[in-house]
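*Asks:* Under the working numbering, the letters of the sequence shown match residues 218 to 317, in that order.
Please note: incorrect hints may appear among the correct ones.
Here are the simulated distance ranges between beta carbons [what the hints assert, rightly or not]: (1) P238 x E261: 12 to 20 Å; (2) D272 x D229: 41 to 49 Å; (3) S308 x P276: 34 to 42 Å.
Treat the hints as calculated values from the structure; they're not laboratory data. Everything numeric in this text was worked out from a predicted model, so none of it was measured. Even glycine gets a Cβ: it sits at the ideal position worked out from N, Cα and C.
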Amino acid sequence: NMIIECAAAEEDAVTLLSLHPGVVRTDMQTAIRETAGGAMKPEEHALFKAFHENDQLLPPDVPAAVFANVALAPSDAIHGLSGKFFAFNASELSAYQKQA
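Can you make the complete structure from the sequences, with help from the hints?
*Replies:* Right, dumping it as structure tokens:
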């Protein structure tokens with residue numbers, strides 16, 4: 218996040234954002250649940266398993282839609298966000314979120 222903040226301050230002609238996708242349903246999530254238990258603290262492994270068991274993993278297209286919409290937005294529409302960190306579902310990005 219600091220790299221984005223510093224680069225945005227140095228390069229005003231470029232719009233740079235740091236975006237967190239949330240906890241996404243991916244092959245990596247499956248691998249963590251199924252094979253990484255011995256390499257993690259038990260409470261951390263339990264957290265990843267609970268995300269799955271409680272249906273808390275996002276479909277990849279949800280954060281991906283935000284990332285794509287931000288990337289395609291006119292720079293003057295998002296330049297005021299440059300240098301900042303946002304979760305994919307931040308209110309500042311509501312115009313770029315997939316509507317149900």
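*Asks:* Look at each hint and say if it fits the structure.
*Replies:* Hint check results:
1. Taking 12 to 20 Å as the suggested C-beta distance range, the pair P238 and E261 conforms, at roughly 19 Å.
2. Taking 41 to 49 Å as the suggested C-beta distance range, the pair D272 and D229 conforms, at roughly 43 Å.
3. The supplied range of 34 to 42 Å is broken by S308 and P276, whose beta-carbon atoms lie about 21 Å from each other.
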